[in-house]
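**Q** Listed below, chain by chain, are the residues.
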Amino acid sequence: MTGCEEPDRTVFSPKGEAGEGSLDVIMLSIYIMTFVVAVVLAIFIYVLIRYRQKPGDNSIPKQVEGSMKLEMLWTVIPIILLAILAVPTLTHTFSLAEEAPKDEDPLRVKVTAHQYWWEFEYPDLGIKTAQQLHIPTDEKVYLELTSDDVIHAFWVPELAGKQDLNPGSTNKMWIDADEPGTYEGRCAELCGAGHALMNFQVVAQEKEDFDKWVEKRKNPSSEPKTAEQKAGKEVFTQNCMSCHAIDGTQMKTKGEKAPNLTGFAERNKIAGLLENNDENLEKWMKHPEQVKPGTYMPSFDFLSDEDMDNLKAYLQSLE
Amino acid sequence: MSTAELEQAKTSAKLPPHPERATMEGRNKILGLWLFIGAETVMFACFFGTYLALKGSNLDGPTTQELYQIPMVAISTLILLVSSLTSVLGVLGMHQNNYKKMMLWFGVTVLLGFSFLGLEIYEFVEYVHAGHTFAGSAFGSAFYTLLGTHGAHVLFGVLWISGLLVQVWRRGMSLDMAPKFFSASLYWHFIDVIWVFIFTVVYLMGKV
Amino acid sequence: MEQAKPQQESQATESDAKHLASFAVMIVLTAIAFAAVTMDIVPPAMVVPLIIGLAAIQVMMQFFTFMHLDFKKHRITVTFIFTGLLFGVICVVALKYLV
Amino acid sequence: MATLVTIIVFILFLSAILTGGYNKELMDRFRSHWLWDWITTVDHKKIGIMYGIGGGFFFILGGIEALLIRTQLFYPNNDFIVGRAFNELLTMHGTTMIFFVAMPLLFALMNMIVPLQIGARDVAFPFLNAMGLWFFIAGGILMNLSWLFGNAPDAGWTNYVPIAANEYSAGTGIDYYVLGLQISGFGTLMSGINFLATIINMRTEGMSFLRMPLFTWTSFISSALILFGFPPLTAGLFLIMFERLFGANFFDVAAGGNPIIWEHLFWIFGHPEVYIVVLPAFGIMSEVISTFSKKRLFGYTSMVFATILIGFLGFMVWAHHMFTVGMGPVANSIFAIATMTIAVPTGIKVFNWLFTMWGGKIRFTTAMLYAVGFIPTFVMGGVTGVMLSTPPGDYQYHDSYFVVAHFHYVLIGGTVFGILAGFYYWWPKIFGYKLNEKLGKWNFWLFFIGFHLTFLIQHFIGLFGMPRRVFTYQPEDGLTLINQISTVGAYMMAVATILFVVNVIYSYRHRVPVGNDPWDGRTLEWSIPSPAPFYNFAQLPKVRALDAFWHEKMKGNKEMEPAEPLGPIHMPSNNHLPIVIVLGFFISGLGFVFRSNEVGALGLIFAFLMMFVRSFEKDHGYHVETDEVEKVEKGVKA
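Residue numbers (this note's numbering), protein chains in the order written: chain Z, 10 to 328; chain H, 488 to 695; chain E, 124 to 222; chain G, 305 to 942.
Do not take every clue at face value.
[What the hints assert, rightly or not] Calculated cross-link-like contacts (lysine-lysine; reagent style DSSO-like; alpha-carbon spacing at most 27 Å):
#, chain 1, residue 1, chain 2, residue 2
1, G, Lys846, E, Lys196
2, Z, Lys181, E, Lys195
3, E, Lys219, H, Lys501
4, Z, Lys71, G, Lys846
5, Z, Lys119, Z, Lys137
6, E, Lys141, H, Lys501
[To be verified] Pairwise CB distance ranges (calculated):
#, chain 1, residue 1, chain 2, residue 2, range
7, E, Ile155, H, Val653, 53 to 59 Å
8, H, Leu546, E, Phe205, 37 to 43 Å
9, Z, Pro132, E, Ile155, 20 to 26 Å
10, G, Val917, Z, Val46, 55 to 61 Å
11, G, Leu318, H, Arg658, 21 to 27 Å
12, E, Tyr220, Z, Glu108, 17 to 23 Å
13, G, Leu785, Z, Lys63, 53 to 59 Å
14, Z, Glu224, G, Arg899, 53 to 59 Å
15, E, Ile175, G, Arg899, 36 to 42 Å
16, Z, Ile93, E, Ile175, 36 to 42 Å
17, Z, Ser104, G, Leu785, 35 to 41 Å
18, H, Phe601, E, Ile155, 38 to 44 Å
19, G, Leu785, Z, Ser22, 17 to 23 Å
Calculated from the structure, these hints are not laboratory results.
Keep in mind the model is a prediction, meaning the values are calculated, not measured.
We put the CB at the ideal spot given by N, CA and C, even for glycine.
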């Protein structure tokens, strides 16, 4: 049975302030609602047991019109309960909508959603990456969300609630993580055939690790070293370059249509989805449609085994 | 009024006062039309909202300021306002049992309706020549949808009233016809009400 | 049952003259609106509220004179029409400001 | 070519009708057939039955779609139905269930019962009523033709642009959605206006507004919501239609459009729609609970005003479906508070139901079981609704399985339970015999348990991070077991549904005629024979109190006091024009779907021409003579 694993990304175990903000309101509402359900159920069960028609009893019960007092009671109490719920709701609604402070220099990331992959650009750092968002821990990261095609939604349940990515406009939200780790994210707005598999990962790192990562991304090692990798780069230039870009090489054109592959080897997942190993990489490149229905990635099953091996070797050398 | 009296009224030329509400059928019809007007109000409101949201998106096409010609709008407005008056005069004619008057004024209403439509088509042709087309920009789409829907209502109203006139002309006036005329005139006034908002919100506010 | 009985009241109030008079008022209101926009007689910030107000007055006149809507006799109709107007206004405002 | 053939057939058809150049004998045989009688009927009870059959058919269709969805989700990375095909299933499931199941089944009950409850012989517009029915059937068929003729719509029942635009939804799938809903929407609007006019104008003597049974009240408010809720949908569908078929640019960002406009238009309609389908269910529950507790409805007046308030507030809260769209914290807060306030009138209703049963003599018939099962189920749906109204919480719940669980609690726990309760309750009044109670109880318990098994757990699937509308999940997500439980529950509900069908057939085979008043009812419909005669009331009754019939029974009277002497009864005649007019719209819709503007325009012209023909028709109906009425009344009683 595969189902015995624990759910890995519940909203009940937030790893950041934004997620905790949502959880506060959720828990308060759950308590209030449990109380309401309990009261209703108690009356309900009592009534059902107590006022069953007994066999042979054909008397007619008293026809009660109503009771002003009782009706006032169940008008006023819900209002009070709602007022209790409304206060944290409003404060958190505003705190979750907090914008990047102008005077400081916060980390900003421009998130662009595409059918069916994610692009992450750090405008202040000059880095562009895809599928895997790196953030430092204990720091609010301000996201600017937009879409290149249809409406998507950005959701990392452990870090924060959702925000839509609309074409033609930019939405804002912030996230933070208080412990290092990899958090699973999903697209939460129906966006087409591949919607179910539009996954991504958020990698939270300690500040110094994050800075190291930034340095590495700014100076990526993208040049092939071995003969195999060199041949692989040749295959890449001929087949992949019109859509995919790799920074740090002297390639003439840089594709923008598909994920930027700089530093591919460090990604945990291929296509945001499959574990990053040679076997999966080949599966993805040969039959992308089988892995992610609706993907715009064409099939490369026409590549010879040798070309495929070289290509894999080159991609896995990108650090 | 008893059934027998109603039967008699159906055939005689002299209708009871407020003939449109004399029968249950008539009362239902008028109420139904009012309710329909309520629904149409919300639909037009949605088109107005869409227009307001998109009126700045003219892309390469002309802006509202460059496009709209106030004199033409003023003439259209005058035509439609007058037609509103003529249709109410037609209803008064019906109430006064003066069916010649009724037919005359409703006939004038139809003519005015047609001239409004002609003017609107002329206006649209002008706009298309000026580069303001349905598919050209979001503004164009929203504009023609709002105005076109109103125009379609005018067309339907004109055909409706014409049909009623033909019926009376062929069969004479009867108690059945009264609610039909009354509802058609309600519908016609509603079209006029929508136009009041069109010239205000679309044309005049486009010039502010 | 508001409309259960055929109304038997006199029709004297329903003269041509009354309708002509209200028509004249409508024409004047329309003329004011056009003038407000085309000529510089109203401060620019006031133009839009003014012409929308004029349009609203005109609509009420259409309802209550030309369309024979009577507040007392047709309470339910009036309720429905005004609810429709309210929801319509909500739609317009929402589409204008929330989109 | 196809266009040409269609046009030729169409012209032949048209000329046949207009010239009368058809085979007279054949037409006569046609006309004397019972099917012709049903097709041309304007009798509200027959129309109600046909709504029921149509809704039932689509219920089975939508149910099969649901089962396929749950089967695909039985284990992770299942490849049974993936990608676009899965999106088509979920879209068609949602759209079918809302527009072609919930609404028509409620219209079925409203048509059958509302005129009886207010003491009317007919609805205000029998002709429009028939047209509404055929519009619904035409819309439903048009939309489901997409399965046969091409790809089905695949953008969810919410049909958000841009995934519903030509660029992202290739083929004509979405066109079926747009035109199918547009056509059925016309019918819904007509029915709404019809019920409003009926309830306002056609009440019998003494039936004041505050003596109307709750089902009539909720139908009234629900019709008012239709009146104001459907026009935004109509407007929005026009925009999408123009965009897809004629190159308009409302939503295309590159041409200056804005996709959020559709979201607003859709939800301005979509939220009232929820109340449109749930309010009549509240009404049914009120009737059933009151009858089977043998008590007057507790707090009748506050129930009425709560209904009005829910309906009114229902219009002010649509944007809570759009908290994540980016409207900003101010708008989000306003809509959050507005949404919470709806909990107050809803709470009033729940407690009033509880206190109606308090002190009563509760009989657990199948109808009552559904009503009783409805209370805790609906309360669950209600409290999760309040949870969803808080933006910070909603950021997590939105578009996750939590939402799926919530609205199924409301729509099944409220609407479907209500419809089933209504069918068990009013079946004898319409058909003259009861549904089998034993099978009914099996039906209830299987449905009830299956329902909770399916959906209770889905709250957690959502909170554990599974978005809705996904065709699969990963083994490492840890969601396998709960998804499997949910699927098992869905199959239990399917078995329960089959059992209901079995019950209908079984009860028909073993039917035992019942009298006027099999449940010891309280309202007017129980004072006339079962099944209700085609003219409803031989003499219109005089209403002297709330729960009019109960009032008379308590005074020792067996029948209602008549408000008029026995006399000839005026009835509307059957008419074939409703289906003919709708046929024009249907052909037009089909034409536009196939991107043939000629056929589209021709269909419309034909439809309007037929409306013109209708306007010229001199149809005064006919009279049922007194002796015939007496004969029918005796026949039923004998």
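**Q** Against this structure, judge whether each hint is valid.
**A** Evaluation of the provided hints:
no. : hint                              : result
1   : G/Lys846 <-> E/Lys196             : 24 Å, holds
2   : Z/Lys181 <-> E/Lys195             : 52 Å, violated
3   : E/Lys219 <-> H/Lys501             : 52 Å, violated
4   : Z/Lys71 <-> G/Lys846              : 25 Å, holds
5   : Z/Lys119 <-> Z/Lys137             : 9 Å, holds
6   : E/Lys141 <-> H/Lys501             : 24 Å, holds
7   : E/Ile155 <-> H/Val653: 53 to 59 Å : 40 Å, violated
8   : H/Leu546 <-> E/Phe205: 37 to 43 Å : 39 Å, holds
9   : Z/Pro132 <-> E/Ile155: 20 to 26 Å : 53 Å, violated
10  : G/Val917 <-> Z/Val46: 55 to 61 Å  : 58 Å, holds
11  : G/Leu318 <-> H/Arg658: 21 to 27 Å : 25 Å, holds
12  : E/Tyr220 <-> Z/Glu108: 17 to 23 Å : 20 Å, holds
13  : G/Leu785 <-> Z/Lys63: 53 to 59 Å  : 44 Å, violated
14  : Z/Glu224 <-> G/Arg899: 53 to 59 Å : 56 Å, holds
15  : E/Ile175 <-> G/Arg899: 36 to 42 Å : 41 Å, holds
16  : Z/Ile93 <-> E/Ile175: 36 to 42 Å  : 41 Å, holds
17  : Z/Ser104 <-> G/Leu785: 35 to 41 Å : 36 Å, holds
18  : H/Phe601 <-> E/Ile155: 38 to 44 Å : 29 Å, violated
19  : G/Leu785 <-> Z/Ser22: 17 to 23 Å  : 19 Å, holds
Consistency with the previously given hints fails for numbers 2, 3, 7, 9, 13, 18, ordered from lowest to highest.
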